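**Student:** Residue numbers (the numbering used here), protein chains in the order written: chain L, 1301 to 1849; chain F, 1301 to 1849.
Quick caveat, the hints were computed from the structure, so don't treat them as lab data.
Take the hints with a grain of salt, since some may be wrong.
Copies of the same chain look alike in the list, so a pair counts if it works inside one copy or between any two.
[Claimed, not checked] In silico lysine to aspartate or glutamate, EDC-like type, Cα no more than 20 Å apart, as pairs:
{"hint": "1", "residue 1": "K1646", "residue 2": "E1669"}
{"hint": "2", "residue 1": "K1812", "residue 2": "E1490"}
{"hint": "3", "residue 1": "K1654", "residue 2": "E1819"}
{"hint": "4", "residue 1": "K1812", "residue 2": "E1491"}
{"hint": "5", "residue 1": "K1382", "residue 2": "E1372"}
{"hint": "6", "residue 1": "K1795", "residue 2": "E1749"}
{"hint": "7", "residue 1": "K1653", "residue 2": "D1527"}
Predicted, not measured: the structure shown is a model, and the values here were computed from it.
Number of protein chains: 2
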Amino acid sequence: MKVTLSALDTHESSFTPLVVIELAQDVKEETKEWLKNRIIGRKKDGVRRLLTSGIVIQVFPLHDNEALKKLEDTWYTRFTLKYQPIDSIRGYFGETIALYFGFLEYFTFALIPVAVLGLPYYLFVWENYDKYVVFASFNLIWSTVILEVWKRGCASMTYRWGTLVMKRQFEEPRPGYHGVLGINSVTGREEPLYPSYKRQLRIYLVSLPFVCLCLYSSLFVMMIYFDMEAWALDLHENSRSEWTSILLYVPSIIYAIVIEIMNRLYRYAAEFLTSWENHRLESAYQNHLILKVLVFNFLNCFASLFYIAFVLRDMKLLRQSLATLLITSQIFNQIVESLLPYWLQKKQHVKVKKKVQALKADIDATLYEQVVLEKEMGTYLGTFDDYLELFLQFGYVSLFSCVYPLAAAFAVLNNLTEVNSDALKMCRVFKRPFSEPSASIGVWQLAFETMSVISVVTNCALIGMSPQVNALFPESKADLILIVAAVEHALLALKFILAFAISDKPRHIQMKLARLEFESLEALKQQQMQRVAENLKEDWREGGKEAAP
Amino acid sequence: MKVTLSALDTHESSFTPLVVIELAQDVKEETKEWLKNRIIGRKKDGVRRLLTSGIVIQVFPLHDNEALKKLEDTWYTRFTLKYQPIDSIRGYFGETIALYFGFLEYFTFALIPVAVLGLPYYLFVWENYDKYVVFASFNLIWSTVILEVWKRGCASMTYRWGTLVMKRQFEEPRPGYHGVLGINSVTGREEPLYPSYKRQLRIYLVSLPFVCLCLYSSLFVMMIYFDMEAWALDLHENSRSEWTSILLYVPSIIYAIVIEIMNRLYRYAAEFLTSWENHRLESAYQNHLILKVLVFNFLNCFASLFYIAFVLRDMKLLRQSLATLLITSQIFNQIVESLLPYWLQKKQHVKVKKKVQALKADIDATLYEQVVLEKEMGTYLGTFDDYLELFLQFGYVSLFSCVYPLAAAFAVLNNLTEVNSDALKMCRVFKRPFSEPSASIGVWQLAFETMSVISVVTNCALIGMSPQVNALFPESKADLILIVAAVEHALLALKFILAFAISDKPRHIQMKLARLEFESLEALKQQQMQRVAENLKEDWREGGKEAAP
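Working from the sequences, and respecting the hints, build out all of it.
**Tutor:** Shown next, in the form of structure tokens:
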């Protein structure tokens, strides 16, 4: 058993927040001493190599119960509709997590108009497709505008936090980055160097084909599922019995299990490949990993809906699947993600408290207890899954918005509670994560924008396929398709013009960034002038010396 | 008559190249003195106000005959296929013009593969549209790649010249920019300030509607032209006589004249509106002006071709009009733009030489002669018309490439001579322009990229409309259109992915820019630290003083 707690040893360290290091039991006393010296006043990155070599089992900052209590009070414990205390969240958890909550809040507010507009469509079951065209067009322009406006809001926020101009490039390389030791030509520091063409080769010759193969096999599995479904339905209709009616559910169950297994395998493979690509920066690693996993998840989630919409062309089934997928995934997520772990943990909490009280009444019980408790808490693996959830939700809302206008309303309702359950998760379920600075939501912005482009195409196609619109062109289907294509192109063009016309950063931020750049270039100029002046002076002095004797 | 030459007065000025200022004759002697003092060692911008008030008639730098001779020798006088001496061009004419010639050369080379691939299509008159699909697809990917690669080449070039990191924002405002005097919040210098929201209002509430109205009226005129054409043809077929066969040409002539008048009026209006928008920077002014004129020219040039292609659906007529337009415009441009002015000027040159020799044998004749000659030369109005020519050429080559694959070959031939005639124009026809720094070809990059996106759409549509492809889907036209739309979307997606995957700047330039940024931020940090240290020192000293007595 490897359990040695050096929590109390590092108590006096200069770390804020308090960091706990769990050491393997067979570590020598001098190693411990050396470790303590290395860790105090240092970043966690230095310790990661010890983690992989098995000497250190885990490193995590302790929750600061007092600050946490304060944060919780303003954040989620009192259920009222108000803005989240983003700055306090940033203070406690760091920029990356604060940006996630900021985006979640912004996105929820942004969905409200769509939800409100979608309600009458659902309530009055308007089967007049003219109105759906209006709704879909509004939706598309709206999605473009909100994504652009978010960029501006995000820039304001991160400017205030001082991370907007953070130059990732100048940072230390990520742990695990390897290469021949050399001098970084930008910062002049010594660090491993790895040629970028090798990385490109790995990406394009190995990772890309692998991802394509996985996507293809995922589609292949989906096709088998639809075949099995048809076969089961066929069997059931030919010989109606209880056995065959149970058989009807078998394909779905098998498909769900296979998809889950594939998802997990793919995730491991993606992580392995991305770390093998040997990215220098943590952000580049994250972006490449996210892109890989995202594409696969997108296909798994939406391929069957696309198949129903555009191959089977069954709008009722589409609406039904959409509703089922959206609502079940939302409920499932909220329970599995935060409520269940919270409940489990609370039970354990009571156990540990009893044990600690019984055994160790003499030492600093509260801190020891806290360490034992938090050691067993789950580790927060980053914002990926949270963003993914939002991304898929955005897909459900926008891709087929003209078929199921109620989706936005469900999304809003979900997100209002999601804020609270996610907050609960961060504060009470997981170990406190190390705070990570970030300047924006990174590759997710691109992902959301791509989704909104795809949704223009799908919505136009859906409207074109509706029987009401088809009835307007009884003679020529070709004319209808041409008109739909023309409208789609016009909408896409409008979208790009809008994205181009709305600048990414508010004007006052642009001005301040320009000022920073101006000042730093001026400072460089002065520094160089000074150096030249000093050199001249020295030359002159030396000249004087030479002349003197 | 207002001819006073102060060329000889400014001879001794610190300007390189020599600048000639033509003054109004009624200017007092002291004004002249004051002017000389102001101009010597100053930029031309300071003089512009005097130009508008009519005291100074024109200001231009003189050609440096020796350097010009050298440049010409390596540039165009010997007709051999070789790279242009871009760095020498930049040394003589400045970055903006060097970039134009660089782009012209690059674009010509980039067109060669398309031209070579297009030749067999023309020679063997392959009416097999499969092959055209291959050609068009190649063309589209090619156009994306060359535009992305140009960005990289351009960045390398301007980095070498030191203009890539040129911060236009920190520059002095353009002449004509007006506003309330205040402090520029970026540079801290005193200059006129004009709120950006007012500019936005002017752009969106006045300029944009005006441009839309002009575009609409241009389309309207085109429709009238087609009506007149049809009416003339009708008349001719009903009563065949010599009169009616002449009448056949009348609509085209009227249309050409009306278009020319509209073009000129629109250009004036665009210039007026853009200067009324009150842009702070010359580059912003140029970009807005170019965008306005570009859209109008695009419509005038291509609207009739679009009409023929997609409304009349007459591929033979399209090919014919395309060939006529491309070839006549190329020949016409080369003659009117450079050869004709060169010839006219040469004639005048002889006249002036005779006069000067007869009258002024006593003073420094060569310089006086040069001034008199160059005073009468045309003024080069910027690279706009040259780029516009290339842009329209790119349109002819790419928009309908699958109908007329020979266009690229004609374009290559034209550009090979265009380099020489443009060089002749710059060196011998126009006054030497003031050298302007620039970091890239600016809004033209955007224009070319937009054109290549539009060409994806038109080519797919053309291929879909061809009878050979239609014959493949004898039963359902709708299926055909759907397949064409799917291919088009796939191509567009590929295009955007390509544009995203190819980074805009070569890696070594990225590294160098990052290094500059890093160093300047470090310098700023040091400067601020120094300031803090000095403040501390002072505080300490003052503290000491207070304590002492």
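**Student:** Are any of the numbered hints broken by this structure? If so, which, sorted upward?
**Tutor:** 3 and 7
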